[in-house]
Amino acid sequence: MADTNQGHSQRAIVIGIGEYHTGAEPMTSIGLGSCIGLIMHDKILGIGGMAHIMLPESGGKRDRLGKYADTAIDILLQELSKKGSSKNMLQAKMVGGAQMFANFSGNLSIGERNIEAVRAGLKQKGISLKGEDVGGTKGRTILYCPANNFTISIRRADGTCSEI
Amino acid sequence: MALLTPTQMDALSELGNIGASHAATTLSQMLMGQIEMTVPLVEVVDLADIYKHVTDETSALVIFQMQGELEQGGYVIFIMPLSSAMRMTNTMLGMGDEERELNEMDESALNEVGNIMVSAFLDATAELLGVVMLPSPPVLVVDMAHAAIEQLLAEVAFDVNEVVFFHTKLTCDQYAINGDLVMLPEMNTLSRILELMDDLLKKHAC
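Chains as they are written, first to last, in my numbering: chain A, 1 to 164; chain Z, 1001 to 1206.
Calculated pairs, DSS-like style, for lysine-lysine (alpha carbon to alpha carbon, straight line, at most 27 Å): (1) A:123 to A:61; (2) A:138 to Z:1052; (3) A:138 to Z:1169; (4) A:61 to Z:1052.
These aren't lab readings, by the way, just hints derived from the structure by calculation.
Pulled out of the complex, with its shape left as it was, chain A reads as follows:
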């Protein structure tokens, strides 16, 4: 992870592919394509976490906890609980899971599988999904500032911005 100023007013921690972070600092994920930016937020404590998920299932691998939907949900919950969050205070949002182009292999879209895996994982843990901007064919860059509120700013390649 590195500190970088991505044209936003405050410095945000960049969560690279397969990484995660929890705390009160601004966090960003750059150029989400088929990957998912999963955000969990605790509005009482004003902290949260972000993971940059690349694949739906770890299949038991523990090498990169943020890389897979199942392990990313677990580690965000664990880390936030260490920081004092109780599970029933946490809410989630997710962005990404696009299909940028037709697969060469003709496999089922990895973006779609990621979306489904995150939805199923959150449901299983009883975390409510408060907002999402998923699917489609366009990339997204996201910014989340836990100390302010649970707003996720989304920017697309054509320059349009939105919030969830």
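With chain A fixed as given, assemble chain Z onto it according to the hints.
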């Protein structure tokens, strides 16, 4: 994944150099302008650091899968910032307006340029290695470069957390055009290429 030895890095970078030089020459012929090429870099990049190499800048990406004797070999990608892509197709099609939207003509010009360059790149490297490497039909994506690459990484880096990233920058000052040629080999392909390079070096040593 075992890290590459300095000799292997050198060998790969030389291989890339030959391929990229051929690609640069074809681009220069198509644009009828001088093309500068940086010395190709071979780097082992962690997934988490990909964003330092490929940004979320809106770009035109022409993506090819490496096919032929090295099946499902990975990808070769020609990435140009959108403004550069526009200037390039304007140069080729004899137009001047840079503020317009990309149209079908631009898209087919970009695909064609990518096709010719990547074919030259793969031909030159394959000839050296003594194998057949062919590009798949191109796929054109105009969006955030990092977002497009993610979908390729999901295939190439399914089991690993580092990718071998081969990268060279091509610039044409005359028309203010620049682009990146990137190769993302699949792990099996990479091992195969390294074997072939070893054989080649041994042959020359005799």
